[in-house]
Each structure stands twice: as structure tokens, then as C-alpha cells.
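Asks: I would like the entire structure built from these sequences, with the hints used as guidance.
Chains C, V and A are the protein sequences, given in the same order.
Using the numbering used here, the letters of the first sequence map in sequence onto residues 1 to 570.
Using the numbering used here, the letters of the second sequence map in sequence onto residues 1 to 428.
Using the numbering used here, the letters of the third sequence map in sequence onto residues 1 to 322.
Hints listed in this document are in silico derivations from the structure and should not be mistaken for laboratory results.
A portion of the hints provided could be inaccurate.
Below, a list of computed lysine to aspartate or glutamate pairs in the EDC-like style, where the Cα atoms sit at most 20 Å apart [unchecked claim]: (1) C:412 - A:79; (2) C:35 - A:266; (3) A:277 - C:64; (4) C:377 - A:177; (5) C:412 - C:340; (6) V:52 - A:213; (7) A:6 - V:321; (8) V:3 - A:219; (9) V:3 - A:213; (10) V:3 - A:177; (11) A:37 - C:329; (12) A:277 - C:91; (13) A:284 - C:340; (14) C:377 - A:266; (15) A:284 - C:329; (16) A:277 - C:61; (17) C:377 - A:265; (18) V:3 - A:216; (19) C:374 - A:265; (20) V:242 - C:64; (21) A:284 - C:91; (22) A:6 - V:328; (23) V:3 - A:221; (24) C:105 - V:396; (25) C:105 - A:209; (26) C:105 - A:265; (27) V:3 - A:208; (28) A:6 - V:325; (29) C:456 - V:269.
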Amino acid sequence: MADKGQKRDFGAWSSYVAIVVLVISFSVSLWRVYKVQEVEQADGVATIRVVHWQLEAGFREAFDDIARRFEKAYLAETGERVRIVQNAISERVYKQYVQTQGIGKTLPDLVQLGRDELGSVPRFFISNTEDVQKPNPYNKGTDLEDVPWMDTYLDGMLGSVDQTDLEYYGAASSTASTRLFYNADLLKEVFGDIEPPTEYRAFLDLCARFEQWAEEQGRGDLTPVAASKYQVSVFRAMRAATLFELMLENDRDFDGVFGQNDEVLLAYAAGDFDFHDPRIRADEMTIANLTQYFAPGFMAMDRMEAQFRFTQGKALFCASGSWDAMSFDSQVDFPMGILDFPFPTRDDPEFGQYVRGRISEADAPAVFRLAVSKFSKHPDLTLRFLQFLTSRENNQRFNQLSRWPPVIKGAKPHPLMEPFMRKPEGFWTAEVNRIIGAGPCAAAYSQAQWELVEHKVDFDGFADMLERDMPRAMAQEFERLLNNEWEERLAQEMSLSHQLGSYSFGDTWGEAAPTPERVQSKMVYLWEMRMRRYRNSYRLLEWQELLDAGEPKAQEIQQHIKIDLERKQS
Amino acid sequence: MPKYVSIKRLTSYWRLYLFVAPAAVLVGIFAYFPAASAIYHAFFRWNGSYVKEFVGLYNFHQLLGWSPFLWLVMVAWVVLLMALLVGRPMWLAGWAPWGLLLMVCGLGVALFTAGTESTVLHMNAGEAWQWYGRTMWATVLGVGLHQIVRRNWSQVVQGVLVLYGFLWFYYQSMYATGDQTLWSGFGVIFILVLANLVKMVPSIATAVVIHRLKSERWQYIYRVLFVVPMIVPGMVGLLVWKSFFDPTQGILNRVLLGSGFYDVMVWFDGLVGWGVFHAGSSPSWLGDASLVIPSLIFWGFPWVGTVGVLIYLTGLAGIDESVYEAADIAGATSLQKFTYIEFPLILTQVRINLVLMIIATLQTYGQILILLGDSGGPQGVALVPGLYMFRSAFVELYAGKACAIGLIVFFFILILTEINNRFVRVEK
Amino acid sequence: MSNFWKTAGQHLFIWAVLLFAFFPLYVTFAISVKSNKQFNNQPFSPLSLSGFVETLERKPAAPGAYDTKETILVREALEAGLKPGDAGWPVVRLSTADTWHWENWIVAWDTVGTYIFNTILVAVTAVVFALCFSTAAAFFFARYRMPGATFLWYFFLVLMLMPGVANLVPLFILLRDMNLINSLLALVIIGISGAQVVQIFILRNFIEEIPQDMFDAADVDGASPFRQVLYIVLPMSGSVISTLAILQFISVWNDFLLPFIIIRDDSLLTLAAGLIKLDGEYVKQWGEMMAGYSIASLPLVLIFLFTMRLFVRGISAGAVKG
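Replies: Set out below in C-alpha cells:
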């Protein structure tokens with residue numbers, strides 16, 4: 001307290017000013033908050049809150065446009081007022097936001113789904129299975145008037161089915177696909193008036209020539225392809241269906257899917273396939289051949305960095321999804337072209353014999369899927385808005401504004417989006433690392449893949465790495481599978497009993513009770529799933545057989561399991 | 001002198017309780033209740049709402065692993081700590097160990113029931129009894145230790161225990177049978193604590209330099225100036241620094257590339273063989289798993305905490321001018337002045353700051369959540385325990401597990417606070 | 001002579017440190033008036049003063065202009081089949097390499113303004129109530145020994161040991177069950193209860209040091225305890241209370257975790273939590289983002305200008321108590 005006296009007078013004076021400032025700002029705040037809340041909670045106006053993570057350029061404006069149109073249309077229709085408020089949350093915290101608000105029972109009315117909700121969809125959202133079987137009222141007057149809502153979708157609304165209880169939740173507004181972007185100015189500058197390549201070898205050749213040109217011109221800052229780790233995964237869409245046969249051969253339970261369970265493990269342990277397989281080689285080399293034209297150290301780069309290089313005109317090509325097209329378009333000041341990927345063909349000198357054809361996009365995801373939350377105060381109104389958004393007319397408008405590919409049959413995309421429309425013809429394939437499970441196997445796989453695309457090892461080195469690391473990873477995977485078996489079975493059984501309950505006590509369930517037919521078909525499915533699980537358990541017997549027969553790989557894996565167990569015991 | 005009010009006179013004085021009531025009620029509801037609830041729910045499989053099932057120690061088993069050695073140490077620690085904490089008021093000191101013994105007996109019964117009744121514990125009755133026996137032995141050990149502590153061998157014993165604890169931690173992080181994520185999170189914390197230790201130096205240096213200025217006026221001006229960065233909202237500082245780290249447009253990369261220092265780094269990288277820095281691309285500081293922790297350490301360069309500077313200045317203010325004059329006459333160098341005059345005076349502050357820093361670092365996760373998201377950055381390298389708790393609760397919906405993680409972190413903090421109270425504050 | 005150099009060296013060192021400490025602030029402000037293109041070309045150097053006042057002159061967009069946005073507008077217009085001079089040809093504001101884009105501040109204010117008002121509301125309310133409660137409780141502990149007071153004292157003291165980290169989940173559930181999710185009231189209440197322990201602890205020590213004579217005199221006059229607080233404690237401990245007020249104000253102002261978790265609506269977010277949203281943009285508008293940060297920093301700076309002394313003393317003192 002040394003500073004009494006003169007200073008104190010000034011101090012007291014300035015403190016009073018501070019207090020006055022505080023009081024004034026406090027009053028202003030009070031008034032402002034009151035005003036805002038008054039608008040937010042106005043009587044007679046239903047508020048529908050929408051939350052999503054699409055922060056891409058132009059998307060929110062497009063959504064706002066549709067929202068305002070719905071408000072007007074609804075007022076004209078019923079004379080009641082409605083207000084639609086969108087809230088865009090960064091992708092990084094989106095999942096946490098939804099889960100938190102879900103537990104807090106304050107989830108907004110419409111919520112975008114698609115960030116692995118972990119079975120919480122039936123818990124937090126209202127199923128609209130009944131509604132998707134009826135026509136969309138906003139398609140009145142078009143040829144879709146009598147078509148069930150689900151059939152107006154390009155994908156038959158398959159993207160809205162939730163796997164936990166096989167109900168439809170929400171509806172999507174767009175699709176998505178990945179394509180190749182190129183800088184038309186740069187292409188013209190280097191090669192004159194040529195058509196961009198449509199075939200794999202021509203594409204590689206072009207990249208090589210571009211690199212040579214850049215070197216001659218002393219333009220060290222130019223690379224043929226702007227890429228990062230993210231773009232490597234995008235470029236995986238460029239592969240041809242070379243794994244098709246491999247999967248058919250090893251699909252032990254004939255369910256058309258190879259993987260996600262111990263059938264891969266058994267196939268590998270039985271020696272039915274190994275990682276030196278020429279088909280896996282073809283699959284991996286498609287990308288590895290290309291990565292030599294990426295900037296050095298691309299695996300350490302950020303997705304945004306690669307895209308920034310492209311938009312700054314420092315690269316000829318860049319690969320990304322339809323969701324980036326608008327952002328690219330709003331950032332580049334050169335004419336930008338969009339191409340389908342140049343796929344390897346059957347006459348490819350290196351691995352043409354394994355090429356079946358291009359990969360089909362029939363399973364291209366339906367995106368921007370919004371679902372009505374259970375905590376919504378106006379579920380019917382919210383659903384109505386969803387139907388408005390996905391009527392052909394509005395879907396076309398919305399997707400043209402936001403520059404996304406539309407998902408409703410007959411809705412025309414924006415010219416920029418035309419190259420992105422789905423190409424359903426072709427074959428299916430899968431990621432090898434995807435089929436061997438999500439845990440330690442995938443980690444071992446991506447480690448080896450990393451070395452391969454950075455050309456630290458050749459394919460044989462890559463396969464050797466996998467042959468070395470896989471048995472151990474598979475042993476861990478095996479244990480994990482057995483543990484998960486228990487958890488998953490529990491979830492399925494719970495789902496089954498829930499369905500049974502709603503079937504038997506439909507009255508008490510209220511309007512949410514499903515029809516008997518639906519419950520029956522679902523119970524058949526769930527029973528099927530259950531039997532498959534038991535079959536999986538039976539396959540343990542096959543495992544024993546493999547061990548008895550002395551299969552080398554099986555014994556290697558068994559060795560690792562033993563080591564793990566002993567470590568746990570100690 | 002406070003006025004003593006006996007129970008008889010309460011009739012005329014009871015209104016005084018109204019003075020403390022609002023604070024007590026608020027604290028009771030919003031601080032005590034959640035804390036109690038956290039302890040309670042750590043023994044449950046709980047998702048925050050309808051799933052709630054008693055699972056005994058399952059969460060802790062999952063997190064800490066199964067090694068008997070480890071559990072022995074754990075229990076001994078808990079018992080000792082409780083004894084230390086409770087041992088403060090003398091009338092309780094005698095009772096505490098026996099009360100604990102009783103608690104452990106109860107625990108044994110609970111364990112036994114859980115083991116036989118529930119499959120979640122992965123135990124049969126025999127095993128449960130085995131564990132019960134071990135726990136009993138550990139308790140006896142703990143009570144014994146408590147007796148030693150009471151006879152004031154505490155310093156030695158505590159030293160040994162801290163060492164034991166570190167060994168345990170090391171063992172756990174190397175051969176963990178528990179939750180690898182949690183232990184690697186503690187590993188990250190350990191690195192961050194070491195880094196923060198070094199980061200304390202610039203603040204001390206700055207404070208000393210300011211203090212040595214002869215002019216009172218300048219000292220005041222500098223003090224004021226050092227407050228300014230402090231009143232900028234922490235979030236702004238955080239986000240601005242985040243933008244510095246932006247790979248394409250961030251200032252850090254622009255300086256590195258523009259000054260050519262990056263070439264040196266690439267060259268050095270080639271020499272050592274990290275494979276982190278490459279010519280022709282700029283490092284993505286927060287996007288590359290091997291760069292995340294270094295980025296967090298580099299954070300806030302040159303690490304002059306404005307609060308820290310002010311604290312040290314307050315400590316230094318006690319030095320009389322004549323001491324300096326005497327030192328000058330004796331021909332002391334400025335380093336000698338620091339080691340013999342200034343450092344001893346701020347030692348208390350340094351110690352307090354040290355402990356507070358460690359406690360704060362243990363709890364830290366908000367910053368990492370904002371910078372790297374709830375997954376703890378690429379490959380989850382920065383998934384510190386606090387963030388892991390947050391993630392378990394609000395992303396994966398394992399609220400029970402989250403409470404258990406919180407308790408484990410709390411346990412570490414309790415130990416540090418105890419160390420703080422015993423060794424640091426006394427010498428004021 | 002050497003003394004002069006020594007002092008100069010000391011000053012130089014401090015200024016160097018200050019330079020670093022202020023650098024983020026400077027960068028924030030410098031970028032806040034730049035367009036993305038300006039930022040890409042010269043990220044930290046300030047714009048020249050010639051463009052300080054924005055020109056309001058508008059002109060038809062021209063290809064090859066400085067601004068990327070303008071080039072794109074021209075391209076789109078050409079694609080739409082327009083020619084320069086047509087009716088629908090885009091008109092833009094004159095933009096050069098030196099134009100200060102003050103409109104960034106306007107755009108940023110639209111988002112950050114609401115957050116600031118919410119935060120002021122929460123912070124002021126929380127501080128006022130917290131100090132009322134804690135002063136009363138501290139008076140209770142300092143001047144009287146009521147039955148049960150010791151128990152209550154330890155009741156508060158033990159809380160100092162408890163870290164917030166373990167309580168977050170149950171606290172969230174508690175707030176949900178009280179229907180306080182997504183409301184500013186929750187932030188106020190937690191702000192009040194969170195500050196109690198430390199404030200009571202400090203205020204008790206302070207009130208105990210007030211001479212007993214004053215309270216005795218008041219008792220003789222028949223003043224009730226409430227009046228004693230009002231007329232003795234408050235005037236005597238004004239500086240401590242204002243220091244505590246400032247410390248709590250800063251901490252509420254900076255708190256982001258709780259609002260981040262419990263606030264759902266954009267219109268109710270507080271500043272620290274709201275700023276996170278500015279950062280999430282996909283194509284970053286650096287100018288607007290930094291303008292938002294600048295606006296967010298201003299209120300506290302304003303308060304600081306008037307209460308500099310309290311701040312400096314408060315932070316030094318607040319830090320010592322540890």
C-alpha cells in the first residue's frame with residue numbers, strides 16, 4: 001500500500017470510470033442477450049435447428065437459401081411461421097458435440113450423420129422407415145409424384161439405413177465422388193493444345209514429361225501432382241478392380257464380402273493367399289508408380305498444403321473429392337478442369353492381365369445425411385423440411401448452389417459437378433488393409449504401404465515386411481475378434497429383443513411401433529447374423545484343423561498368441 | 001479476536017449461518033456432489049444415462065493392468081497417502097489406519113461377491129480370494145508404513161516411495177498390461193513437465209534483469225507492459241499460435257523457409273536420419289505425428305510467462321539496495337549475485353511454481369483439444385490422460401471409465417499436493 | 001561508462017523479450033486488415049499507410065486485377081455470357097496491394113459481437129454474486145466461532161485439493177438433470193461456485209486483520225452483522241475485493257471448456273468457446289479471423305487502461321498466494 005496520496009486520487013477516479021464502463025457494457029449486454037433470446041424463443045414461430053460440419057465455401061449460403069425458401073413455402077401453405085437456424089461445427093469437434101448434446105438431451109432438431117456414431121443412432125434419432133415408403137409430398141406435379149421417397153434416390157436411400165437395427169434414419173441431400181483436378185493453363189503452357197489423359201500409362205507419361213520440362217525451365221517449384229498423405233488415399237480410387245478374383249476365391253462363407261472377420265485370418269493361415277500375390281502387387285503398384293511424381297516428403301505434408309500448392313498454380317494435377325470443388329473454384333484464378341481418373345486398362349503392360357475393369361461407383365456414399373433427433377420439439381415439421389430439401393426441384397437448386405452432386409433422380413448438377421456424377425458400371429474391390437481388420441493388422445499394413453509409396457522399398461520388400469509383421473498382428477487381431485464377438489453379439493441380441501418387445505407390446509410403444517412384417521423380416525436378418533456368428537465360432541474348429549495339419553503360417557500365428565498369453569499371465 | 005458463540009446462544013445468533021449458507025450450498029451441489037459422483041461411478045459401467053452396472057474394479061483393471069506387483073504398490077500408496085492426509089489432526093491419526101483396514105475388509109467382500117456374481121470381472125471365486133489376500137497384505141504393509149511415518153522417518157520413507165513410484169511408472173510404461181493409451185499419455189505428460197521445467201528459466205532471467213534496473217519508474221513501466229499480453233484472452237493466444245504453425249501460411253514455416261534455416265534442418269535431418277524434414281516441402285507441425293510433441297514444446301517461444309515474471313518480481317522486491325552495494329564492494333559478478341542473493345529469495349516462488357506447473361501439466365488437455373481435436377492429433381500421439389478422459393466420456397460414452405481415469409489423475413495430483421505441502425511451503 | 005552500457009544492455013534484453021511477447025498481438029492486428037491475397041504476399045509486414053482509409057470508389061471488375069476474388073468474378077461473368085460494360089457486369093471496390101480491408105472487422109463483429117455480450121453478462125454476474133457470497137462467508141469465518149464452523153472450514157479447504165479434471169463428467173450430468181444445459185445461467189452458477197473456495201480463503205485472512213475495536217464499537221451501537229459487513233468490511237477491504245474481482249473476471253473471460261461442452265446454440269456461446277468456431281473454417285479467411293481475435297482482445301484492454309494499478313498488483317498478489 002505504498003502508493004497512497006496523489007496516485008490514489010487518480011486511481012480512485014479511474015476505478016470509477018472502469019465501474020461506469022462495466023455497468024454500461026453490462027446493461028448493453030443484458031439488453032442484447034435479451035433481444036437475441038426474444039427472437040430465438042418467439043412465440044408462434046417454430047424453430048428448427050440444424051447442425052452439420054460442412055464448412056466448405058458456399059455450402060452454408062446454399063443451405064440458407066433453401067431454408068428461407070422453405071420458410072416462405074411453409075407460411076404460404078399453412079399460414080404458420082417457422083425459422084430454420086443452421087449451426088456449422090468444425091469437423092474436428094463435431095462428433096464430440098453430437099455425443100455430448102445427445103447425452104445432454106439437447107440435440108438440435110436436425111443433425112448431420114456420418115461420423116461413426118457407434119450405434120448411438122437408434123438412441124438419439126427418430127427412424128423414418130415408414131415415411132420413406134411413401135411419396136415425398138414436395139414432388140407433387142412431377143413424374144416422381146407417386147414414387148416412394150426412397151426410390152427417388154439414386155442409391156435407393158441405402159445410405160440412410162442404420163446397421164444396428166436396420167431402420168432408415170434421415171435422408172441425404174448429395175452424393176460424393178473423387179476425381180482428378182488439373183490446371184488447364186499450365187497444361188496448355190507446357191504441352192500446347194492437348195486433351196488431358198484418360199488412360200493410366202498416358203497419365204504417367206505426361207507426368208514424367210512435365211517433370212522433365214520443369215527441370216529444363218528451372219522451375220523447381222513445380223510438381224506434376226500436388227499430393228499429401230490424404231491425396232494418396234484419394235488416389236486409391238484410381239485403381240482398377242484387380243483384387244476381384246482374390247476375394248471371390250477366399251470368400252469362405254459366400255456372403256460376397258471378404259474380410260472384417262476371421263475368414264481372412266483363416267485364408268492366410270491356410271496359405272490360400274499371401275502378400276506376394278501378383279494381384280495385390282497390381283493393386284499396390286498402381287499407386288506406387290504414381291507417387292514418384294509427388295513432391296518429396298509428401299507423406300509428411302498436410303492436406304491443405306497440397307491443395308494450396310495446386311490452387312497457387314504450382315502443380316498440374318491434384319486429386320480430391322467433389323466437396324473440394326467449390327473451394328478450389330473460389331481460390332484459383334486459372335481455368336480448372338476436372339477429369340475422371342485415368343484407370344489402368346486390360347492391355348496394361350505391367351499388370352493388365354489382372355485388370356477386370358474399373359471400380360464401380362454404385363456404392364458411392366450419399367452425403368450430407370440429416371436425421372431428426374429424438375429431442376426435437378417439432379419432429380413432423382423437421383421431417384417436412386427434410387422432404388422439402390430432397391424434392392427434385394429443391395435438391396437440384398441446393399446442389400447447384402453448393403456445387404455438390406445431387407442425389408435425387410433427375411436432378412441436374414451444376415456444370416462444375418457434371419464430371420462428379422456417379423458411374424455405376426464396373427466391378428467392386430476393396431482395400432486390402434480394410435479387409436484384414438481395423439486394428440493391429442491395418443497398422444502393420446499402412447506402415448508397409450508408407451514405405452512402398454515413398455519408394456523406400458520395392459514391392460517385394462513391401463510383401464516381405466508384411467509377411468514378417470502380419471502373423472503377430474493377426475494373432476492380436478484374433479484375440480480382438482474373439483473379444484469383440486462377445487460385445488457385438490450382445491449388441492445384436494439387445495437389438496433383437498428390442499424389436500421383439502416392440503412387436504409384442506406394440507400398443508405401449510405408441511406410434512413408433514414397427515409393423516409386424518418389418519419386425520419379421522428384421523428378425524430373420526438378425527437371426528441370420530446370429531447364425532453367422534455361431535458359424536464363426538465353428539470356424540475355430542477349422543483353425544484347430546489347420547494347426548493339426550501343420551500349416552506353417554497357422555503355427556506362426558499360434559506362436560504369437562502363445563507369447564501374448566504368457567506375457568499376460570506373468 | 002473472533003467471537004465465540006456457544007450452542008446455548010445459538011437462538012440469537014443462528015442468523016449468522018445465513019452468511020455462509022449460499023457459499024456452502026453452491027459448493028456442496030456443484031463441487032462436492034460431482035466429486036462424490038465421480039468416485040461412485042468409477043466402479044460402474046456407465047454411459048451417462050441408462051446403462052449403469054456395477055463392475056467393481058473392472059475399470060481400474062482395464063486401465064492399470066493386472067500385475068500383482070503393481071497392485072501391491074498401488075494399494076500401499078493409497079493407504080500411505082490417506083494416512084498422511086488424515087494424519088494431520090492428531091485425534092484422527094490413531095484411528096485412520098484401522099478405519100482403512102476395515103474399508104479394505106469391505107473391499108475384499110465386495111471383490112469376492114463381484115468375482116462370483118459377475119463375469120465382467122473375469123474372475124472366479126478362488127482368484128477373488130487371492131486378490132483379497134493380496135489386498136490385505138498390502139494394507140498391513142500400509143499400516144506399518146503409517147506407523148513409521150508417524151515416528152517421523154517420513155522423509156526417508158517418502159523418498160523411497162517416490163522412487164518406488166517412478167519405478168512403477170517406468171515398469172508400467174514399458175511392460176504395461178493395462179491401457180497403453182493411458183500410459184503413453186502419462187509419458188507425454190512426463191515429457192511436457194520436463195520441457196516446462198526448462199521453460200521456467202526465461203521468466204526468472206527476465207524478472208532478475210528487470211529487478212536489477214536502478215530506475216523505479218522503468219520497473220513500473222515494464223511491469224505494466226508485462227501485464228498486457230496476459231490480459232489478451234488465452235484462447236486468442238492459443239489460436240494465434242496455432243495459426244503460426246499452419247504448414248502453408250503459418251509464420252513459423254515462412255520464417256524457416258525464407259531465412260534458409262530450413263535447409264539446415266533438412267541437412268541435419270539427412271545427417272541424423274529422422275526422415276521428418278524434406279527439401280521442397282514444409283513441415284506440418286501439428287499434422288505430423290513425429291512433430292506434434294516438439295511443436296507443443298516450442299509453443300509460446302520464448303516462454304516468458306508474464307505471470308511468472310510478476311511473481312518473481314514480487315519475491316525479488318524484498319532485497320534491500322544495500323545488499324547489492326555490499327556485493328558490489330565485495331566485487332561479486334552478476335552470476336554470483338544471482339546465485340547468492342537473488343535465487344535464494346525467489347526459491348520459494350520457484351518451488352511453488354514448480355509444483356503448480358506440474359499439477360497444471362498433469363491436468364492439461366484443453367489446449368490439446370483445441371489444437372489437435374479429441375483424438376489427440378495424428379495417431380493420437382498427444383492423447384494425454386485428461387484428454388483421454390474427456391474423449392472416453394464425451395466421444396466414446398464410457399463415462400464410468402472416464403471417472404476412473406479422472407480418479408487416477410486425481411491420485412497423482414494428490415501426491416504432488418502432499419509433497420508440496422510437506423516440503424515446499426514449510427520453508428517460507 | 002560501462003555502467004551505461006550495462007543498463008542499456010538490460011533494457012535491450014527486456015525490450016527483446018517484450019518484442020516477442022507482443023509479436024502475436026501485432027501479427028493479429030496486422031493481418032486483421034488484409035485480404036487473403038495480401039496475406040499470402042506479405043504475411044507480417046504492415047500495409048503501407050497510404051491505404052489506411054478505404055476508398056469507397058467503385059469500378060467495374062477487370063481481369064487480371066490485384067484481388068483473386070475479382071478475377072474469379074470476371075471469370076464467372078464471362079462464363080455466364082456477359083461482356084464488360086453489360087448491365088450485369090460485376091462492380092467491385094477498388095482494391096490494391098495497399099488497401100486496408102476494414103470490412104474484415106465488420107464481418108468479424110457479426111460473429112464475435114454476440115459472444116462478447118454473452119461473456120460480459122456471464123462474467124459480471126458471476127463476479128458480483130461470487131464476491132457477495134464469499135465476503136459474507138469469509139466474515140462468518142473470520143469474526144465468529146460458531147458451532148460447526150471448524151467443520152465447515154475444512155469442508156471448504158478440502159476442495160482446494162480437488163482437481164476439476166475428475167468432476168467434469170458428473171458435473172455435466174448434474175447440469176443436465178437440472179435442465180441447465182445450453183443456458184448462460186449454468187455458466188454463471190459454476191463461475192460463482194468455482195471461485196468461492198479461493199476467495200473465502202484470502203478474504204478470511206484479510207478480514208481477520210481488521211482491528212477488533214471497530215467491530216466492538218459497532219456492536220455497542222447495535223449494528224447487525226449485515227451492517228458490519230456493509231460499513232466496516234467492505235470499505236476496509238476494497239482493494240482486496242477489487243483484486244479478486246479482476247482475477248475472477250479474467251478467469252471467467254478465459255474459461256472455454258465448460259461453455260464448449262454445455263452450450264449448444266451459437267447465439268449463447270461465450271467468447272473463448274466461440275472463437276474456436278472462427279478457426280474451423282475450411283478455406284480460411286485470415287483477415288476476418290484475425291479481426292475477430294482483435295475484437296475479442298479489446299474489452300479487457302479497455303478495462304485494463306482504467307485499472308492498470310489494480311491489475312498489476314492483483315496479478316502479483318494473486319500469484320503469491322499460490
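Asks: So, for every hint listed, does it hold in this structure?
Replies: Evaluated hints:
no.: 1; hint: C:412 - A:79; result: holds (18 Å)
no.: 2; hint: C:35 - A:266; result: holds (15 Å)
no.: 3; hint: A:277 - C:64; result: holds (18 Å)
no.: 4; hint: C:377 - A:177; result: holds (18 Å)
no.: 5; hint: C:412 - C:340; result: holds (19 Å)
no.: 6; hint: V:52 - A:213; result: violated (59 Å)
no.: 7; hint: A:6 - V:321; result: holds (18 Å)
no.: 8; hint: V:3 - A:219; result: holds (12 Å)
no.: 9; hint: V:3 - A:213; result: holds (13 Å)
no.: 10; hint: V:3 - A:177; result: violated (41 Å)
no.: 11; hint: A:37 - C:329; result: holds (15 Å)
no.: 12; hint: A:277 - C:91; result: holds (11 Å)
no.: 13; hint: A:284 - C:340; result: violated (28 Å)
no.: 14; hint: C:377 - A:266; result: holds (19 Å)
no.: 15; hint: A:284 - C:329; result: holds (15 Å)
no.: 16; hint: A:277 - C:61; result: holds (17 Å)
no.: 17; hint: C:377 - A:265; result: holds (15 Å)
no.: 18; hint: V:3 - A:216; result: holds (10 Å)
no.: 19; hint: C:374 - A:265; result: holds (17 Å)
no.: 20; hint: V:242 - C:64; result: violated (30 Å)
no.: 21; hint: A:284 - C:91; result: holds (14 Å)
no.: 22; hint: A:6 - V:328; result: holds (14 Å)
no.: 23; hint: V:3 - A:221; result: holds (17 Å)
no.: 24; hint: C:105 - V:396; result: holds (16 Å)
no.: 25; hint: C:105 - A:209; result: violated (50 Å)
no.: 26; hint: C:105 - A:265; result: holds (14 Å)
no.: 27; hint: V:3 - A:208; result: holds (11 Å)
no.: 28; hint: A:6 - V:325; result: holds (16 Å)
no.: 29; hint: C:456 - V:269; result: holds (16 Å)
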